[in-house]
Amino acid sequence: MAQGILIVVNQEGGRVRRVAYEMLSLAQRLAPGQVTALTFGDGADATREGLARHGADQVVLLSQPAYQRYSSDGFAKAVEKVVETVDPEALFFPATAWGRDLAPRVAGLLGAGLASDCTEIYSRDDGRLGAVRPIYAGKVHARVAIDSPRQIFSLRPNIQAVTESGRAGGLVAVDPGLDASTFQAVVTEVQQSQGGQLELTEADIIVSGGRGVKAPDNFKVLGELADAMGAALGSSRPVADEGWVPHSYHIGQTGKVVSPTVYVAVGISGAIQHVAGISGSKYIVAINNDAEAPIFKAANYGVVGDLFQVVPALAEAVREIKKDA
Amino acid sequence: MKTLVLVKQVPDTATKIRLNPGDTAIQTDGIKWVINPYDEFAIEESLRLKEKFGGEVVVVSLGPSRVEEAIRQALAMGADRAIHLLTDAELDSAGAARALARACQDEGYDLILTGKQAVDDDQAQVGSLLAVELGLPQVTVVLKLEIDPDAKHIRAERELEGASEFVELPMPAVVTAQRGMNDPRYPTLPNIMKAKKKEVKSIPVDSLGVSTDLWVRVEELTLPPERPAAKILTGDPADAARELARLLHEEAKVI
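Residue numbers (the working numbering), protein chains in the order written: chain A, 1 to 325; chain B, 1 to 255.
Rather than coming from a laboratory, the hints here were simulated on the basis of the structure. There may be inaccurate statements among the hints.
[To be verified] With a cut-off of at most 25 Å between alpha-carbon atoms, the simulated BS3-like pairs for lysine-lysine come out as follows:
no.: 1; chain 1: A; residue 1: Lys220; chain 2: A; residue 2: Lys256
no.: 2; chain 1: B; residue 1: Lys231; chain 2: A; residue 2: Lys282
no.: 3; chain 1: B; residue 1: Lys231; chain 2: A; residue 2: Lys77
no.: 4; chain 1: B; residue 1: Lys50; chain 2: B; residue 2: Lys152
no.: 5; chain 1: A; residue 1: Lys297; chain 2: B; residue 2: Lys16
no.: 6; chain 1: A; residue 1: Lys256; chain 2: B; residue 2: Lys16
no.: 7; chain 1: A; residue 1: Lys256; chain 2: B; residue 2: Lys152
no.: 8; chain 1: B; residue 1: Lys253; chain 2: A; residue 2: Lys282
no.: 9; chain 1: B; residue 1: Lys231; chain 2: A; residue 2: Lys322
no.: 10; chain 1: A; residue 1: Lys322; chain 2: B; residue 2: Lys16
no.: 11; chain 1: A; residue 1: Lys323; chain 2: B; residue 2: Lys253
no.: 12; chain 1: A; residue 1: Lys282; chain 2: B; residue 2: Lys16
In isolation and in its complexed conformation, chain B is listed as follows (with noise of 0.2 Å):
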């Protein structure tokens, strides 16, 4: 079975985001990339589908040079080769699905995994859309999947508020990963070594022949206004309590 596994680098999830007047993208210098954390759960589910049936898992990764560091790492993990789309642009979801679809038709697949959504720009859109490029059906925010392919049958329980739902399609299809999916594995000292012999084949996005044009456009990034200092309640633990319950009910007007 070969599952191409989509990984795109974001910045750390402890990252301070950094903004000067008029950006329309975050100041970069300084921060620490790492691979979206819920592609982490998309890579450790296609290492796990090869241990089970065999075949090959293939990274496939959209952005600049510097994401060939979370490449080599899903490689550390297991994975066993990569495709880099190169590009210094910041394409939409639209875009970006557009160049993934390309680069996965002409490599062949039995599944595409990805995480649910990027911690960077939360759009939560490329799974799907790729999936309507590919002509192939999707399920997202994954918990559990069971893959028969021999039967080319999938059966995934999907996250929703306060339930859960299970979903039936064929293969091949997109599926998106969601925390609890798994416990993604560390990579270790020799498979960081052997990484760094594995192939990455770098393929520009202009040489794609796919349009790259934005339909969604930042104008404008601001930071959230900023709260005004709290009220803090010391001394006895009873009579702050009565006083933030009766602050929450005269002043907030919440309760």
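So here's chain A without its partners, still in its complex pose (with noise of 0.2 Å):
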């Protein structure tokens, strides 16, 4: 019968991102003692010390030439056949763009139901898993259910506590005994963008200009306060639109959608795509020469002032802290 938890995570040189920990730590409570993890690629093998500390019994190192570059189809075959031997009764994958691209692709191949996206997942009186969502970017929280034999749930990154249980990480072979050849869409190259920028999907703070800054060149000054309060920078849509900052930067319902634990929204005014976006986020702060601007009503500190007065000097007084912290 199928049972525990499947975690299907990407790694660089040996690395896997954060939520791949995120997701070992829940599957843990969730099915203590059946959690295996699967990564792919050269590297692969120096993940397993850090999946096994972090909650995987078992590990499934796909470190075989055919697994070094990315390929939605192939992977998804190579999921598939590690899921006959596994046979786990979930699978997690990352909500990132690597585990949002493969997930469904592995979903319509198993005939299982899939989740996306999902801020919680719970055990239902039933026996099986559940999950909370949001949808229309975060303006509501869906509860769902999957009715499939498998179930299928990707993990939205930034939520979930990471937690350390020691477990044994076993090694279980699989060869999916996968021609490379046969793959069809492959990644041929991959071209890091714009040195050192945070990811906004996985920054713990953020700060976020908008029009209010009235100009590109004055993003420096937002810089230098993400740069005091270690944050990364994001923008309002009208702004990204412009070209001041590159598409990447939008926060909002048609951009990002981000769970930081600080959000500071500068010259946002708060329209409700935007807000939307940023409903996730633990604290807001919101700094706005208009009292009357609705941002304040999506925040849990604001201030009513200049930013180019407000902003340096926010940036000094949290280099202050920091110094004597």
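Build the complex: two chains, separate frames, hints provided.
Quick look at the structure:
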């Protein structure tokens, strides 16, 4: 009988993203002693210790040459083969660019229901798993059941606590026996963009600018605050549409949906689409010279004032606090 | 080259969502319906491909009769004709993909384009599930698409966290569009008039012979908890900034 949870993650140079440990920690609470982690590629072996420490009872490491370069169709077939061997009741994927590309492909092959981008996965009274997932970019929370025999979830990064449970991480040898020359869509090149920018969906603190920043050059003022706070930089939609910042900065219903500990909205009025995209933040701070701006209704803390005076002073105050810490 | 572009009708992103207790779907009276914003990029891209390589752009949509408005708008942007898979039922991603796959199969295609996700249920699954149903390769969240119809080859740039990935794949394939791929055109008045006469073939989903049983079922919808009223600081900017830093440090304990 199918049991336990299979965590499917990617790795680069022997390192997994933090969300891998979030998923393992959660899986170990939901199915103690029945958690298997699967990863791919050169360097997969080096992930074993970390995966075990965070909750992998078993690991499957597909480090064969066929899995050096990502292929959505090839990797999905490999996951299908691993599922035949491990026979898990549920699969978890990270709701990252990688996981959101692969998970539905696997769901299609396995004929299993998938709940994407879940913020909560829990044990139901009937012994199955249920989930909560934000829809309409977070304007609504949906509690969903998956009724197919096997259940698949992708988990939003940056939500679950990471715990160490020191599991064995016993090696399960699986060779899917696939020929890479049959893989159709293959990654041929990866380019890092704008050096050092923290990924918004994984950031703990985000400083974000809107029209109130007035000109592209003025984003430097926000950059200074972001540096002081150790934050990633984001923006509202109009500012990205104007080309002041890259599209990848855009936060909101048709951009990135974020859930940091602290979100600092600077010169952002608070359109409903933007507020939806930041609603998962633990604390929202608004800095705006318009006391009537809707962003203040979504905020925990607000400063009504000229951002060009408030933001540098805030950066200075944060540096002072950090110096004393 | 024949491109099918899958278009979903969704509530305008400016919609304030209303729920009644016990609802498993949102209140839809008074809602303004629009083309899913990511599908607009897919429509625009398919029109540019037609302008470059010739051929045909066929819109495929699924949903109740109100969806025809979105279809007419896609036709007004320049698509040639449309297929409307008619149903009043709420399908899950897998059911929608099965119905769409059947229609695509019957229609034939060189390429299938759609948005990276619909901004209502945010599942981001239909493109990939459809690709599996049709036995096609996929590339999702695409920023830039280069197509060689003669060699039947695609090179696409897709967005990752802090990086771009280049994917090569054969045609036919399913491609899902990300913001930044292009700037969708606005329909011109003459094209809006022309769109009224374009063919929209209506096919009841029930007649397709595909299972629409739900695998993923909404049990309950709730609005997110409201935040307590904000602490608002005014007055001297430097003092307010210092007080804010103190609150973040001592009260919220986040810096």
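*Numbers of the earlier hints that this structure fails to satisfy, in rising order*: Hints 3, 7, 10 are the ones this structure does not satisfy, whereas the remaining hints hold.
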